[in-house]
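Protein chains: 2
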Amino acid sequence: MTTLEIMRRAKAAAFTAAGIPAAQKNEALAAMAAALIAQKEEILAANAADLAAAAGKIGDVMLDRLRLTGERVDAMAAGVTDVMRLPDPVGETLETVTRPNGLVIKKVSVPLGVVAIIYESRPNVTADAAALCLKSGNVCILRCGKEAHASAETITLALRAGITATGLPADMIQLVEDTSRESAKALMHGSGYIDLLIPRGGKGLISACVSEATVPCIETGTGICHVYVDGAADFNKALAVIENAKTSRPSVCNAEEVCLVDSRIAADFLPLLQKRLSEGAHPVELRADETSLPYLPGAKAAGETDFDTEFLDYILAVGTVEGVDGAIRHIAAHSTHHSDAIITEDAAAAARFTASVDSAAVYVNASTRFTDGGEFGLGCEMGISTQKLHARGPMGLKELTTYKYIVTGNGTVR
Amino acid sequence: MTTLEIMRRAKAAAFTAAGIPAAQKNEALAAMAAALIAQKEEILAANAADLAAAAGKIGDVMLDRLRLTGERVDAMAAGVTDVMRLPDPVGETLETVTRPNGLVIKKVSVPLGVVAIIYESRPNVTADAAALCLKSGNVCILRCGKEAHASAETITLALRAGITATGLPADMIQLVEDTSRESAKALMHGSGYIDLLIPRGGKGLISACVSEATVPCIETGTGICHVYVDGAADFNKALAVIENAKTSRPSVCNAEEVCLVDSRIAADFLPLLQKRLSEGAHPVELRADETSLPYLPGAKAAGETDFDTEFLDYILAVGTVEGVDGAIRHIAAHSTHHSDAIITEDAAAAARFTASVDSAAVYVNASTRFTDGGEFGLGCEMGISTQKLHARGPMGLKELTTYKYIVTGNGTVR
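Just so you know, the sequences run in chain order Y and E. Under this note's numbering, think of the first position of the first sequence as 764, with each following residue one higher. Under this note's numbering, think of the first position of the second sequence as 764, with each following residue one higher.
Simulated from the structure, these hints should not be mistaken for laboratory data. It cannot be assumed that every hint is accurate.
Claimed, not checked - Chain E side only, calculated, beta carbon under 7 Å to chain Y, not exhaustive:
hint, residue
1, Thr977
2, Val1125
3, Lys1151
Using N, Cα and C, we set each Cβ at its ideal position, and we do this for glycine too.
If we strip away everything but chain Y, and leave its shape as in the complex, we get:
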């Protein structure tokens, strides 16, 4: 099927999807989870074919993202069940106003309509995204990278079998067949069909979508997260937070990439930091600016791009700044508006930092790793928005809805 035909079918299905009662959506989600388990063998066989075709062509990290196991399929099904248990975000009356002329204006949450997700090699995004869209009354169009296509196709087949068993239109979940760049372009330019485009993947994919798309698009993901250790920091808290933010999972967007230290405490704190980050299972490579290098014997001198790089690795750029205002200025110049933290016992410094740092999440004495739908209590996540329109930070079910005004009069005229 062409991508245009897929978009046409999605639009037709959106009309039905918007009005499905919560109970029926939950029934469909249960059937989708069950179908994933029932078709585990087919899914694993398709994934084995994807892995065989990709071997030697993509790196080990990518291969691991692509790989499914029995447990991973179980986890995918469990994820769908988790989404089923969340409250229905649609049909909520957000505000009601009665105007002096008697008009009653209700603001009601409704689905966005058709959500397109362009992703890369993680087959589990297929089920995650489809479940979140279904629960929020949206129709989804999934477009995965060619490496994962056979896996995504069997997963989609299972999900569609689940929803049709419940009497809902299979076209609520569609996978784009064409994995060439043309299909991504068709989605980016699908005005009139696509209500929201979400790119999930690397920097290249995201910036291509943001700059090319003529349909509404949400920028997700890139995180150059800073932890600033203030002159009034508790060193133990600082060391614990930095170790966690840098090393607990360096490959994700909420991991720390830059440590800024107040110049007043650089001589005392930096040697402790170097010791702490060299002791773990994976020692961290420090790349130090001129002012911090003297306190970090053996560290590399930071290069020109090191304070603007999302390493996604056991590497940390380290610099000193002049107090909280220096930190705020540095972050303003290098920010990706994702997550940044201050470590301080000084409430005034904390207040200044949280007011002035223009990021989706700003932390005081806590790890940047908490920027996550689950950790924020949303129960799920479609991505982390690093832009300011519509949604900022972790996008849960509510961020997959919009609203409309329903206005009731009695022959009322203006």
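Since chain Y is already given, all that's left is putting chain E on it; use the hints.
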């Protein structure tokens, strides 16, 4: 100054703007209103020059939009004072969650940052947009059409004099000097500088922004608004609503352009409608489809594009449909997602219509003309969003804000 330099200055000013207390913003708004009155003569002189230069080059409607009078400058100043009296939308704690690990997550409303407004020949947009942006802690970049540039320049000078008198940075309000297409393009592609682009004007401007902009952009304005007269309608209410929706101000986006009539009542209702719409000071030209033409003696036969045209004039396309489902189908095929109404005494038909019509505002027994920030009780309006992301329908102060998460721990790690 180049547009790039203007964007750089705006970004620098945004840093200050975000933290200005409500009282100081209100003081600035009062000073801005006073400066408009104080510099009325200069503003009117500049406007006279604009009018003289435009005479013969643009039509009468455009000339009237461009024209300022003493009363219109007073109204502009009064508009700024009205915005001053509205509640501050910034710094509100929207949600607070305490997580099991002790993290306190606060969701707080903050300004968007830099808002660019591209508009055409209405000089009053200069003051309206600047006041709304200032009140919401945003910096604005105004880019008006060349016809209105001298007027906009004197208005901007007055507004800037007002804000500097209060000690705020003048660069919170800037007018782009270059009125060529290049400056609009620079704003559309101002990634890293522009947080939101709002086009205000005709269809050509809006679609150019939506399709070209790589910065977040909100589609505003175009309205092909439908009124559907159901078989169970009260004819008096239907006639009153249609007369109001069509004729009270035909040049605006919330005016009715299409009347759909349930085929069951076409023979009874259409002659009454024709009579009513021929009696006013401005008789309405009806363009009828095949099925309604027999009941509308003397009406024109509708052409192919008449059900997809925003007439903005005393013209109404008329067609019959098969009940509420027929109306819903017609609207889905021709909608601009702005405002649509059903006239009915049947609660089930009303519920089906409001649930299924995918527009920013859906009306029961009321005129589409109410889709307006003032009429909705927002006290002001930056435009009517016809898209679904971020804001839908009238955009007030709240829609000029975003939020950030401020997360406080105690050395908390994941």
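Q | Hint numbers not upheld by this structure, sorted from lowest to highest | A | When the structure is compared with the hints, none of them turns out to be violated.
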